[in-house]
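Engineer: The lines below spell out each chain.
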Amino acid sequence: MRTRDRVALDEWYAVASADELGPAPWPTRLLGEDITLARTPAGLAAHDAAGAPLPLRERYGLVFTTLGAPRGEIVEIAEAVEPDRRFVPCGWTLLRASGLRVVENFLDMAHFPYVHADILGAEPRTEVAPYRVEFRREADELWARGCRFWQPRAAATDTTGTMMEIDYRVPSPFVVMLYRVAPSQPHRRDCIALFIQPMEATLCRAVPLMWLADDISTHTAMLHFEQAIFLQDRVIVENQRPLALPLDPRAEIPTRADSSSVAYRRWLKEKGLRFGTAEWTGA
Amino acid sequence: MIGTLHDWELDDEAYKVRLGLALMGLAHARVAVDVRPGQETEAPAFRARNLLARLPLWEEPGGVALRDPQAILARLAWHHDPARRFWSEDPAQADWLFFAARELWAAREARQAALFGGPADHAPAARAALRLLEEHMADRGRDWLLGAAPCIADIACFPAFQLSRDWGLDHEEFPRLRRWARRLRALPGFLRMPGVPDHG
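Residue numbers (our numbering), protein chains in the order written: chain L, 1 to 283; chain Y, 1 to 200.
Just so you know, the hints here were simulated from the structure itself, not pulled from any lab data. None of these values were measured; they are calculated from a predicted model. Where a beta carbon is used, it is the ideal one built from N, C-alpha and C, also for glycine. Any given hint might turn out to be false.
Said to hold, decoys possible - For the chain L half of the interface with chain Y, some residues (derived, Cβ under 10 Å), not all of them: (1) Ser17; (2) Val207; (3) His224; (4) Phe225; (5) Gln227; (6) Ala228; (7) Phe230; (8) Leu231.
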């Protein structure tokens, strides 16, 4: 049954890759409801469980829809129009967890040395240096800026390790991005976005898209690097309890390294989002 | 260089071969294949080399081309590893290789569905097959599937168990398989799969 959470309903969600839709009906699920997409001779079409047509947008190689009335548009990604960027869509993966947990895991640097050992982190260099959290009220976005972390192999091109600099951006509750120094072009930033399709409160699909400044790696090398990282994250996210994200500040004890997580939960609470939170009661 | 493995790090069937190559210490070439989302295994160029349109694919300079991971493991252990350390003289080795290919295929399907979506539920059949493996290991308190040393049957059966958390099956109910997997992970040259912790 479709959630009644207005905040969740009034967002755009990526629900398919544009190139996987054909004339045959393509069923999927969004916010507890069955929806169906298809690409007909007249163009893209979608309808909800009751047969009512749904609005559609095609961007970044993905198809977006909404079950509500979004106030904003789909996030603008400036790197997407830079002609020399290597665009790497990484494919969809299912996760048995709240999409909010997936966002929070993406924001977390403290797990790098343990979950992505010898890739995005390595013991004993486990320190998360202080960084700045910004609530950008006008754009209604959350940022964590000036993040720094020692990464032995930050990207497919990196062989020596680097003190990586990262900015994180959360443009909407189920979308999270990062900008990191491109290891082979240090004056530029790679951009990685994770679009999450909340299917149920504790079931989602996610697709990472990358716009990289990398003239060296093959497409498949960049793809497989990210896919292996994402599979490592999936195991961790699926094993967190509860599977939903608690917004009550007393539910889980944060450390200083978690200030982006604390800010994210606060931001969700201010918005009044409930779908996928531990406080959600099922409607 | 004895051959080339067409590979994807996330593929459990290709992992059997990677693991075999690593444990036997065999130098080889690797070609990364964009299975998802690129669907390179469906493309004519790949299908011409493996009509099953899936990984793994093993090619040797002399023209040998194999596509079944059990067949590739047998080729590596018999033909390429001079000491034949992972070849068992026990004829039941073939039985357990077929067990890996047939009974444990459900674990592959369950994992694919859990990761990428899919209609049917293969988890009960996969769990039942792993129960059989657990039962076999309980018999006379074995350390390995056959006899006193690991063989390619152990390698072929390992990913189905080790990766079961990917599709939501915990290892708690398989105490003997846990000990067996721990022994296998401790072998020199052991190669991890992404998302698989070194412990437990």
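Engineer: Now tell me, hint by hint, if it's right for this structure.
Structural biologist: Now the hints, each set against the structure:
1. Ser17: holds (6 Å)
2. Val207: Hint holds; L/Val207 Cβ to chain Y Cβ min 9 Å, cut 10 Å.
3. His224: holds (5 Å)
4. Phe225: Holds, about 9 Å.
5. Gln227: holds (6 Å)
6. Ala228: holds (4 Å)
7. Phe230: OK, holds: L/Phe230 within 10 Å of chain Y, min 9 Å.
8. Leu231: Where the cut-off is 10 Å and the nearest Cβ of chain Y is about 4 Å from L/Leu231, the hint holds.
Checked against the numbered hints given earlier, this structure breaks none of them.
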